[in-house]
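Fit chain to chain and form the complex, with the hints in mind.
Spelled out, the chains give:
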Amino acid sequence: MSMMYSQAAPGDDPLGIVAQGLSRRFGAVHAVQHIDFHAPPGKVTALIGPNGAGKTTLLLMLASLLRPDAGTILIDGRDPSRDPAAVRLRIGWMPDSLGVWGSLTAREILVQIARFYRMPEAGIRERAEELLHLVHLEALADQPARVLSRGQQQRLSLARALVHDPSVLLLDEPASGLDPASRVDLRNLLRSLAGAGKAVVVSSHVLSELDEIADGAAFVSAGRTVKQQSVLEAVQHGRRYSVSALDHAALVAALTGFGVEFRPEAGPRQTVSVFVTDDGAAAALLAGLVQAGVGVVSFAPAAGALEEAYMTMETERR
Amino acid sequence: MTEIMEVDPGSQGPQGPSAVRIPARGYFDGIRDVVVLELKQRLRSRGWYIMLGIWFVVIGGVTWLTWGAWNAAMNTVPAGSYGSTAQHSPGSVIFEVVLAFVLLFALLVAPALSANGVNGDRSSGTLALLQVTLLTPGQILWGKFLAAWVAALAFLVTSAPFLIIGVAAGGLSPGHIVVSLLMLALEIAVVCAIGTGVSAVAARPLFSIVVTYLAVAGLTVLSVIAFGFGMQLTRDTATAMEPSGYSAPATSDGSPSDVPEISCVPTQQPVFHTERVAWFLAVNPFVVVADAIPYSEVPSSRSDIVVNGPLESISQGTRHAMAGPEAPYSPCVNGVYQPQQSGPQYEYLKQTTPVWPLGLGIQAVLAGLLLWLGWRSLRTPARRLPRGTRIA
Numbered sequence: 001m002s003m004m005y006s007q008a009a010p011g012d013d014p015l016g017i018v019a020q021g022l023s024r025r026f027g028a029v030h031a032v033q034h035i036d037f038h039a040p041p042g043k044v045t046a047l048i049g050p051n052g053a054g055k056t057t058l059l060l061m062l063a064s065l066l067r068p069d070a071g072t073i074l075i076d077g078r079d080p081s082r083d084p085a086a087v088r089l090r091i092g093w094m095p096d097s098l099g100v101w102g103s104l105t106a107r108e109i110l111v112q113i114a115r116f117y118r119m120p121e122a123g124i125r126e127r128a129e130e131l132l133h134l135v136h137l138e139a140l141a142d143q144p145a146r147v148l149s150r151g152q153q154q155r156l157s158l159a160r161a162l163v164h165d166p167s168v169l170l171l172d173e174p175a176s177g178l179d180p181a182s183r184v185d186l187r188n189l190l191r192s193l194a195g196a197g198k199a200v201v202v203s204s205h206v207l208s209e210l211d212e213i214a215d216g217a218a219f220v221s222a223g224r225t226v227k228q229q230s231v232l233e234a235v236q237h238g239r240r241y242s243v244s245a246l247d248h249a250a251l252v253a254a255l256t257g258f259g260v261e262f263r264p265e266a267g268p269r270q271t272v273s274v275f276v277t278d279d280g281a282a283a284a285l286l287a288g289l290v291q292a293g294v295g296v297v298s299f300a301p302a303a304g305a306l307e308e309a310y311m312t313m314e315t316e317r318r
Numbered sequence: 001m002t003e004i005m006e007v008d009p010g011s012q013g014p015q016g017p018s019a020v021r022i023p024a025r026g027y028f029d030g031i032r033d034v035v036v037l038e039l040k041q042r043l044r045s046r047g048w049y050i051m052l053g054i055w056f057v058v059i060g061g062v063t064w065l066t067w068g069a070w071n072a073a074m075n076t077v078p079a080g081s082y083g084s085t086a087q088h089s090p091g092s093v094i095f096e097v098v099l100a101f102v103l104l105f106a107l108l109v110a111p112a113l114s115a116n117g118v119n120g121d122r123s124s125g126t127l128a129l130l131q132v133t134l135l136t137p138g139q140i141l142w143g144k145f146l147a148a149w150v151a152a153l154a155f156l157v158t159s160a161p162f163l164i165i166g167v168a169a170g171g172l173s174p175g176h177i178v179v180s181l182l183m184l185a186l187e188i189a190v191v192c193a194i195g196t197g198v199s200a201v202a203a204r205p206l207f208s209i210v211v212t213y214l215a216v217a218g219l220t221v222l223s224v225i226a227f228g229f230g231m232q233l234t235r236d237t238a239t240a241m242e243p244s245g246y247s248a249p250a251t252s253d254g255s256p257s258d259v260p261e262i263s264c265v266p267t268q269q270p271v272f273h274t275e276r277v278a279w280f281l282a283v284n285p286f287v288v289v290a291d292a293i294p295y296s297e298v299p300s301s302r303s304d305i306v307v308n309g310p311l312e313s314i315s316q317g318t319r320h321a322m323a324g325p326e327a328p329y330s331p332c333v334n335g336v337y338q339p340q341q342s343g344p345q346y347e348y349l350k351q352t353t354p355v356w357p358l359g360l361g362i363q364a365v366l367a368g369l370l371l372w373l374g375w376r377s378l379r380t381p382a383r384r385l386p387r388g389t390r391i392a
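Each protein sequence line maps, in turn, to chains A and B.
Just so we're aligned: 216 in full-length UniProt numbering is position 216 of the first sequence, and the numbers increase by one with no gaps anywhere.
Just so we're aligned: 324 in full-length UniProt numbering is position 324 of the second sequence, and the numbers increase by one with no gaps anywhere.
These aren't lab readings, by the way, just hints derived from the structure by calculation.
Errors might be hidden in some of the hints.
Simulated restraints on C-beta separations [claimed, not checked]: (1) D142(A) <-> A185(B): 31 to 37 Å; (2) D142(A) <-> L214(B): 38 to 44 Å; (3) R125(A) <-> P174(B): 42 to 48 Å; (4) V29(A) <-> L65(B): 22 to 28 Å; (5) L182(B) <-> S97(A): 41 to 47 Å.
Keep in mind that this is a model prediction, so the values were computed, not measured.
Backbone N, C-alpha and C define an ideal beta-carbon position, used for all residues, glycine too.
Okay, chain B solo, but in the shape it has when bound (with noise of 0.2 Å):
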């Protein structure tokens, strides 16, 4: 990957050797010199400080909380009912909240630490300079990118404490804290590749950090109002058997039965194809993260109600949802109403068809999508320059 070898042994150049140096450095040392330049000016400004304090005191604050919450809800429920069981040590669902706050918080800061980074030079008039060196478009786009990556990766970092806590008192594998750590690190790849890509097209500061912003908006909220109104274009009808009402009683001999027999018909049943949609939902960061997580504890058929983390039924309501409708539950059998068969079994399902991948690759090729027009925008000598910009 290295860029344009100078072999010109200075058959001119008025200045001898200087004029002609062979640059012996390579791409990634390119890019890693603008991550450098960009992390001096980070670290040496207060507001980074003052973030990452607030920042720690926020999720401090709701680790605190939901310990409090937690304790307070077990302090209330008699003992042996659902809530208290062993499978479901408060540490999971106090993980998993802290987790999903950091995510939430996550997604917030990033585009601040992202979004201006390639027009925030460009108005400081510091752009320039760099495109006049012998850096590559790429190499600052890539430079700056980490950069906003590795600032916005020391929130996460600081965040680290709690999560930790969480995963101890929960009693979890160290595999939890592993995997999430990894999935929010890559979720806030995706929001400071946007972030930057964004910022390398736009022309001004404030639009594209309000573009990331909408961008991280349509990827959590939007995504879900998405899916809902998309699944009432899924509606389908299936048939059912359904108990139509008393008959008469059936006896062959005569004699009344004890048991009223109810006969069942068939009918129409509304049925969602979730999963025509629920890819709309995987692109949703928090599904993302949840879905990635190993949860430990797979109960394996409960036909009470389950106490799962937040995230953790997340991860299975989108599971649901992929999967899409299954047959419509009906108590008939047989064509014969059988009330004994009772409720619906819930069903756990099995992290067999993981829904994360799909929902990151949909983001990577957006971020990417992103990054491709910011550094299109970045060549020089360019062609086009954004609206309304002079480029030194």
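Chain A with its partners taken away, still in its complex shape (with noise of 0.2 Å):
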């Protein structure tokens, strides 16, 4: 929990998202119970956790489309009950269900909404051109938005939640449907917008993915904060690597020379995985093989520092 307020603002009011306390249910359903959330500026955040963990539950009431039966949610000091209007100035939200005006066109839609958020008139034009710009979609931009293929209505989507210029983005699975160019820029896109002192959240069940975006990760499981620490505490608890070499008989050998345990994995190659401590251990261990003269042909962490994160937290809970 030590990536939270840092910074806060010049003012009183923290900026980002703090969440307290969060419930909310549906009939006998509790999507949500109790979940504390922060995204704080300048930062990406992950929202992990598996189908049906209640992460778009938890989206609407940031969003302010949704009021949480109990709990506080303050989007830069504000709270969506008591002044939506001030939070939705403030909130850029792409659903994870495409809502497309299908018969409208993709620059159509962006001066609709820049309309609705009551832009002042002169600024429109410039200001949707440039989102297609920044979505990649000029050439696109008079068709009628149900021609887009669902990646390009992705893109649309998140040049829709930009249009405001928010400071808080919120984004449903905003990578599915994405070819890896898309992909690439969506991660470039995210950093920037970070870079620029927004806060971030991203939900994904892509983990390898947020490894490369998400500053830090809230970790939901059946409507509960499970876990909320940065991608850095997440290495700090250690992680697998997986080790393969010339010679597996001789990698074999070394490591139980070594006294490290390990494990065969299942692959195309023979493999083994190794738990190790730290970044530190690694770089030991590594050399520790070079030095015995074992042909190490890979060394990398076994899966992202989310993904472990997410795997130990399943195993945990069983």
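Structure (structure tokens):
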């Protein structure tokens, strides 16, 4: 929990998202139970959890669309229930279900949304142009949105969330349906938005991807926050490395000689995985193997840091 | 009516000036923007144009048929009888028949245009995109309603040529066409408001469309049925003098009188206090439109059958119902049967007691109530969601 509120605003209001004790149920289903969630400005915060864990419900509450049964939300210091207009000026929300006005063009959609945010008429055209450029949809700007592919609609949806230049971004599965090039674009875009001081929240299942984007992560399961930590912290709990060598027998012999516990991994190549406590231990192990004359071919983290943390969390729950 | 003005000159917000834009647009601008968004979509769907085309053909066909039927009827009626009197040129009847059909079809089309406005967006995931902007629930709802209304008014405009033909052929005043188009527009607005309100309350578009059709059926059909049954409950009796059969000739001098005198006795006759249930009729859209039209020719008192147009008859019928029972007809005068006092006088009720404000008022209350319920369900952050829906 160390990545919380180091940066406080010059005023009294904390920036970014501070949510405490959020609960929300739909009939008998407790979608969210007493979740604490923080997303500081200038950081990308990943929201991670299995299907049905309450991620979308949490994002809907943060987006001022759903009222929590209990708990408080502050978006840049403002409560969505009390002052929705002020909150809405500050949040950009990209839903997981792609709602698109199919018969409108991408440009028209952005212009309409800008009007709904009561942006001054003079700047709207340029803003739409800028956003179309940002998400690489200039060539399709005047096509009806329904002819866009899923990935293109996804990018349009992201542009829509950015129309009013919000300070908090809530992105529900933004990467799903994107081709690899668009994923790289998205990653760079999110990093630069965070760099510009925005609080960015990304929910995703693709954990390896989040590894490269996220500064921190909140793990949600069965409607509860299981853990909120930074990626660095996740790494510090130790992780598994997978190792393969030219001569598998020599590798096994060397590891046995060092007294390191290892386990063979499934895969096309003969690989073992070892658990190391931190980066220093990993470097030392690699050096030891090389000194022992083992022809190490690969030596890399077996899984992304968040995936590791996620899997550890899952195992802990069982 | 300006919405929350952001007076917060940038003490915070990491984005500098961009995060604290001052929203300079008013309530009505927001409504207009929603209407523009809606109409753009409607104007680009081919189905709407196809419906307009079908509409034009159908109304044209009805006009032509009415005209033909009138001419055919006139040819078979001997000259000089009631039908061909100068006061009732074909225009009046043709105009009213076409108007009635336009209203009928408008009542059929308006629910389809309005009753999936909100929940259709909800199921396609675009409603939340509006709710998360600075638009207020009221702006969204008014925008949806106005867009549906404008789309439905296009159908009215399409049928205007035929109404004008009817008015011109009958030599009616321009007031006829203006008032009737205005009333049609208002009735369509009522249906569109009902549809929009229901669509905001109900979860599924199919359900809300059916409910809106049922509401329209309730106003048009159920109102008449309710009046019919309700009238039975208002049955009362009144005493009237009735001839009691032949009595012995009673003359003072004993000579037989040439006219047998019939004595009258008080008898109980059923009367219906229709004025107590006439408001059922008043909510009928046909009654509202029919009653608001200024009928130019008012026959002062006619003993023969009056050929009114269908709408004029509806209006007259409703006003009679509103007026309640007259003193029961009795052929007796001063306790004596006087056969020369023939037949009840047909009385044309003048337009001094209009029914339509009552009907339109009740309709407006119903529509307003549904819109209010719809507005409640559009408020965000939402406390409750329609069962089985996700907000996004």
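* Asked: D142(A) and A185(B), beta-carbon distance inside 31 to 37 Å?
  -> Holds, since D142(A) and A185(B) (Cβ atoms, about 35 Å apart) stay within the stated range.
* To do: Using the beta carbons of R125(A) and P174(B), state whether their distance is inside 42 to 48 Å or not.
  => holds, 45 Å
* Note whether the CB distance of L182(B) and S97(A) lies within 41 to 47 Å or breaks it. => Given about 43 Å between the Cβ atoms, the range holds.
* Asked: Given a hinted range of 22 to 28 Å, is it respected by the beta-carbon distance of V29(A) and L65(B)?
  -> violated, 58 Å
* Consistency of beta-carbon spacing, L214(B) to D142(A), with hint 38 to 44 Å -> 42 Å Cβ-Cβ, so the 38 to 44 Å window holds.
Violated hint: 4 only; the structure is consistent with all others.
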